[in-house]
Amino acid sequence: MSERRVVVTGLGATTPLGGTIAETWEGILAGRSGAKPLDQEMLDRYELPVHFACTIAQDPSEVLTKVQIRRMDPSAQYAVIASLAAMEDAGSPEVDPERLGVAIGTGIGGVWTLLDQWDNLREKGVRRVFPLAVPMLMPNTSAGNVSLLLGARAGAHTTVSACASGAESMGTGYDMIRGGRADMVVAGGTECATHPICFAGFSQMQALSTRNDDPTAASRPYDTGRDGFVMGEGAAVMVLEEYEHAKARGARIYAEFASIGMSADAHHITAPEPEGAGASRAMREAVERAGLTAADIVHINAHATSTPVGDVAEANAIRRAFGDAVDGMPVSATKSMTGHLLGAAGALEGLLTVLAVHHRTAPAAINIDDLDPAIDLDVIRDEHRALPRGDIAALNNSFGFGGHNVALVIKSL
Amino acid sequence: MADQQEILSGLAEIVNEETGLDPAEVQMDKSFTDDLDIDSLSMMTIVVNAEEKFGVRIPDDEVKNLTTVGDAVTFIQNNQG
Chain A
1 MSERRVVVTG LGATTPLGGT IAETWEGILA GRSGAKPLDQ EMLDRYELPV HFACTIAQDP
61 SEVLTKVQIR RMDPSAQYAV IASLAAMEDA GSPEVDPERL GVAIGTGIGG VWTLLDQWDN
121 LREKGVRRVF PLAVPMLMPN TSAGNVSLLL GARAGAHTTV SACASGAESM GTGYDMIRGG
181 RADMVVAGGT ECATHPICFA GFSQMQALST RNDDPTAASR PYDTGRDGFV MGEGAAVMVL
241 EEYEHAKARG ARIYAEFASI GMSADAHHIT APEPEGAGAS RAMREAVERA GLTAADIVHI
301 NAHATSTPVG DVAEANAIRR AFGDAVDGMP VSATKSMTGH LLGAAGALEG LLTVLAVHHR
361 TAPAAINIDD LDPAIDLDVI RDEHRALPRG DIAALNNSFG FGGHNVALVI KSL
Chain B
1001 MADQQEILSG LAEIVNEETG LDPAEVQMDK SFTDDLDIDS LSMMTIVVNA EEKFGVRIPD
1061 DEVKNLTTVG DAVTFIQNNQ G
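Those sequence lines, one after another, are chains A and B.
Read in the working numbering, the first sequence has 53 at position 53, and its numbers run on one by one without any break.
Read in the working numbering, the second sequence has 1032 at position 32, and its numbers run on one by one without any break.
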């Protein structure tokens, strides 16, 4: 079998900036923040130190039925919304079900269901626990539900690697197609961790911004005033397809999904290795596997969460991976607008990287008033940047607690 | 105490909430599994919600005998506290 190439033929998302990927991209180019105040009752009850988050812009009931909503954890609802939209965007293709796969990652899984049903058990007893509690709270609930709705039978996979889950799942889809197990894979990530336990846990870790008086300015990657990430939620999914399969059906192709590089830090359960050795290895591997060199990469969508330590470690890793080639290479930090979607972050940023290559436009970050001198990168601020004509390639970084490093390379086609 | 009609319409509401089925479909002679396509997991939720709504206890052993909507309505009617 000749080498199988993978292309992107559909995009779908529900995010803090909109109910579609088009609205999200418009919001990104307009420099809008997705930050909103949290429910007052929740704040009062738990006395949370953080008063805002990038919650989704869309009400799932606009798309899903009441019964679907009752039977799916919010994280699965988001995944289904994004997946159906991505398939529609791909032209609602007729595919042999045994050649259609699903790969949807999550960092946390069905935390709302788990804790709601735990409350039911304690307050009302075993008979008030919803019979679908287990299939709703398990981390693979999204992949399972999407596979069921699409009739996808080539396999339904879930990668759980914290904030790298979404990117790693898209890598799983890529591997399925490259390896011949599928011709098309609906791949991405989802998360709904805007639960008080998650705010409390991340707060105790000092990982969240507490800029409560100015939420839309709270996510400020690479700025000297950054004080932690802003919790986000949502889902992003792309339709990955074998190149000849896409061509044969006359599909619109956004870009080529050229490679994935992965590594583990084996350094600390939450802190990145400060010199960025592991992260840079993932980036180098991705570039090499795409058959490219550092000089071919014209844009990076950075992980850039807005934590004081993480942003510097990533900047070091990029410099280490690319050397002088990074000078003048525009770097986007889109979490400044979307917040940090945890297990969906890598997926959303993967989609934004595809759109950057497709539209030859690298988005600008907001809220960088004073670029940290420790960040030795060409970070795009104020105005989005045009990318060159001709063959181009871009890199997307995702890192997760546990030491996971994932880098994706997207190429123009 | 709810009469037969009130129990039927209350049950129809619960079934609608759980399955999205039109309440008008929920009639005395309809079989839960054969006519209404209600699986055992949905049946569990319907039973628990009916217990709460009508103040009855429907033992798990009894649930398998409730083949039709009429069976359930009659059981609830005869066992209301």
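Since the hints were derived computationally from the structure, they do not count as laboratory data.
Please note that a few of the clues may not be correct.
To give an idea of the chain A side of the interface with chain B (calculated C-beta under 8 Å), a few residues [stated by the list, open to error]: (1) 127; (2) 128; (3) 130; (4) 132; (5) 281.
Ideal Cβ positions, reconstructed from N, Cα and C, are used throughout, including at glycine.
Verification of the supplied hints:
no.	hint	verdict
1	127	holds (5 Å)
2	128	holds (6 Å)
3	130	holds (7 Å)
4	132	holds (6 Å)
5	281	violated (46 Å)
Consistency note: the structure conflicts with earlier hint 5 alone.
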